[in-house]
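Trainee: This is what each chain is made of:
Number of protein chains: 2
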Amino acid sequence: MKAMIRLKPGVEKLQAYFVNDIPYRVKLDANEGSNYLLKGGFNINHLKPNLYPDSDSRELRRKMAEYYGCDETNIMVGNGSSELINTIVNAYCDKGEKVMSFTPSFSMYQTYCDLCGAEFIGIETEEDFSQNIDKLILAAKDQKPKIIILCNPNNPTGYVTSKEEILKLLENIDDSLVILDEAYADFSYVTAMDLINTYENLIVMRTLSKAFGLAGIRVGALVANAKTIEYIWKVKVPYNLNIYSQYAAIEALSNTDGVDEYINDIKKLRKELYMQLEDLQFQLYPSGGNFIFTKPPIDNLFEKLMRRGVLIREFIYKEKVYNRITVGTKEENQILIDEIKELIGGCL
Amino acid sequence: MKAMIRLKPGVEKLQAYFVNDIPYRVKLDANEGSNYLLKGGFNINHLKPNLYPDSDSRELRRKMAEYYGCDETNIMVGNGSSELINTIVNAYCDKGEKVMSFTPSFSMYQTYCDLCGAEFIGIETEEDFSQNIDKLILAAKDQKPKIIILCNPNNPTGYVTSKEEILKLLENIDDSLVILDEAYADFSYVTAMDLINTYENLIVMRTLSKAFGLAGIRVGALVANAKTIEYIWKVKVPYNLNIYSQYAAIEALSNTDGVDEYINDIKKLRKELYMQLEDLQFQLYPSGGNFIFTKPPIDNLFEKLMRRGVLIREFIYKEKVYNRITVGTKEENQILIDEIKELIGGCL
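These protein sequence lines are chains A and B, in that order.
Reading the first sequence from the start, the letters are residues 1231 to 1578 in the working numbering.
Reading the second sequence from the start, the letters are residues 1231 to 1578 in the working numbering.
Read the hints as simulated data drawn from the structure, not as lab findings.
Be aware that a few hints might be false.
Claimed, not checked - The list that follows gives simulated cross-link-like pairs (lysine-lysine, DSBU-like), each with its CA atoms no further than 35 Å apart:
id, chain 1, residue 1, chain 2, residue 2
1, B, K1243, A, K1243
2, B, K1243, A, K1457
3, A, K1525, B, K1464
4, A, K1278, B, K1464
5, B, K1365, A, K1457
6, B, K1464, A, K1571
7, A, K1464, B, K1232
As the list claims (entries may be wrong) - Ranges between beta-carbon positions, derived for each pair:
id, chain 1, residue 1, chain 2, residue 2, range
8, A, T1486, B, E1394, 57 to 63 Å
9, B, S1264, A, Q1373, 36 to 42 Å
10, A, G1326, B, D1490, 36 to 42 Å
11, B, G1270, A, P1239, 33 to 39 Å
12, B, D1490, A, G1539, 41 to 47 Å
13, B, R1292, A, K1278, 51 to 57 Å
14, B, K1525, A, Q1373, 51 to 57 Å
15, B, K1374, A, T1428, 46 to 52 Å
16, B, K1269, A, K1232, 39 to 45 Å
17, A, T1486, B, D1490, 42 to 48 Å
18, B, M1423, A, W1463, 54 to 60 Å
19, A, A1233, B, M1423, 18 to 24 Å
20, B, E1394, A, E1533, 54 to 60 Å
21, B, N1530, A, W1463, 48 to 54 Å
Small disclaimer: the values here were computed from a predicted structure and weren't measured.
Cβ coordinates follow ideal geometry from the N, Cα and C atoms, glycine included.
Chain A with its partners taken away, still in its complex shape (with noise of 0.2 Å):
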């Protein structure tokens, strides 16, 4: 038996990622939403599937572009947003390159990083998880990061940087790629989606998991300037989107009349979760996510709501326990707060 190659060094301490797969009544864990855009199921019947899709999915870029009031030569699209910000980053930073980001914030940055041997420098948030521009803008002049990710609304924090904020960032920033990270930037008030023809080395990402409620399908989008989406379409490898996921995503997009609606429950339901939660003692973050984030008031709810069937995240930073709890439905919302009273009557 011929012995096994070993994969290079800086990924040996990858450690595979691990999905939760137990029984459950309640999902609150992934940060879904519903369905409700392909409710009503379409027929794919028609299309090829002996034939290669589309390359540069034109079609599905159209519609984005209708969406969200730019150019389809502002759009890549890719197998949700990640596979495209794990290609970026692979593509703009050579070995030993920095990578520089807030912590906590969304841990694949971290994996995109080893994967291609670049190096992530963190810059931890402040004591309430906000996000100090700042001490972003002062690290990066003395590091000289090929690229800055800015996560708005963070996950799993759900720290809203504001618009002036990212504005001097913007500003004070030359010699760094701007990605900033806006799968949840639905549920919130804040975009950059407007400064992409004013700055060159800004790239905005978004993504149909969270607001259209269509994690399945795999679909992100890269928004940046014609200039640069033409320079990086090099490293887009060809036929990426399979044609059944650009199939749903231009039916989404065909009919978005219900998104804005949606997105306004879900903010309600965002409220409401978090005075109850507020109620039950939860030490809580103000969040623009489909998402709250929250320091419980008891030890262990993450495995003890999961052996009642309820699922959320769990996170430990700097040696405390935190949970990241998704928005769900107002009977989702309902079962999960009871659950939780049971589990604090029983700790009484």
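Once you've looked at the hints, dock chain B against the given chain A.
Mentor: Quick look at chain B alone, frame taken from chain A:
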């Protein structure tokens, strides 16, 4: 206006992948097949597009394992074998490490190297495009590549490396990962799938794009021994394959009765087309794929056929022009031959 940030130097030279988008009557340029496994259509409306897909594609891997005669622990799936080869080259090769393959072969191998900073070393095939494994072994012992990629049957030449030669390669190579790209192996008679439990440094790539006629769904498989699969799971990005592609592949793999007949039909049609082209004075190379590689007897055949609505591929190697022609249906092949006859008549 802030200035654009440059990509890392190694990828600057890449060219955006050009995909033909001209109207056609017959498409024989991309080695696609017929839609025969999903021709009855299927319903996707029970799937839940709002939830993330199974990150591990378990049901799909079980179905594939049945078909390929291995265990699901031997399989990783991705958006075409392309995504998987790209992931593997990047995961194993640190900057400057070497990837060795024959030339001409699948052009994306070089691209995947450029994307991650690996050095691509092309070993020239012989005059007749046969692949001299002794030469490859000697070069590998000398240059110590991290990865050796053997495309078998080779794209675009169609050359089939025999099982004996593959065994010789595996027996003589200890310090390189050996990737056998078997995208077209279904149309041949050689596979290394049965060797994955003997050689831990062997990875076999398969795809549903060719013999299954499902290029549009973008599903490929990486087959290796279970220890290797477990080891490389850490570099697989989560949720890489969307719900629809997983489901379409499961549907196709649930009724594979027609696959052998389809493959036999293509082999028969390949033989007929070969003889027809031979009669027309084409210089031909034996092919184990669903395509024929040829040096045409007239200039600019590619452009001339394109103007007549018949798409084929053109390759230039050592300043000579070659064509790769997909074996189409009987009718498609006849249109091709008729058009070539008209063109040759016009040249006389």
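Trainee: Work down the list of hints and note, for each, if the structure agrees.
Mentor: Tested hints:
no., hint, in the structure
1, K1243/B to K1243/A, "holds, 31 Å"
2, K1243/B to K1457/A, "holds, 17 Å"
3, K1525/A to K1464/B, "holds, 30 Å"
4, K1278/A to K1464/B, "holds, 34 Å"
5, K1365/B to K1457/A, "violated, 45 Å"
6, K1464/B to K1571/A, "violated, 38 Å"
7, K1464/A to K1232/B, "holds, 22 Å"
8, T1486/A to E1394/B: 57 to 63 Å, "holds, 59 Å"
9, S1264/B to Q1373/A: 36 to 42 Å, "violated, 56 Å"
10, G1326/A to D1490/B: 36 to 42 Å, "violated, 51 Å"
11, G1270/B to P1239/A: 33 to 39 Å, "violated, 50 Å"
12, D1490/B to G1539/A: 41 to 47 Å, "holds, 46 Å"
13, R1292/B to K1278/A: 51 to 57 Å, "violated, 27 Å"
14, K1525/B to Q1373/A: 51 to 57 Å, "holds, 56 Å"
15, K1374/B to T1428/A: 46 to 52 Å, "holds, 49 Å"
16, K1269/B to K1232/A: 39 to 45 Å, "holds, 42 Å"
17, T1486/A to D1490/B: 42 to 48 Å, "holds, 46 Å"
18, M1423/B to W1463/A: 54 to 60 Å, "violated, 36 Å"
19, A1233/A to M1423/B: 18 to 24 Å, "holds, 20 Å"
20, E1394/B to E1533/A: 54 to 60 Å, "holds, 56 Å"
21, N1530/B to W1463/A: 48 to 54 Å, "violated, 28 Å"
Violated hints, in rising order: 5, 6, 9, 10, 11, 13, 18, 21; the structure is consistent with all others.
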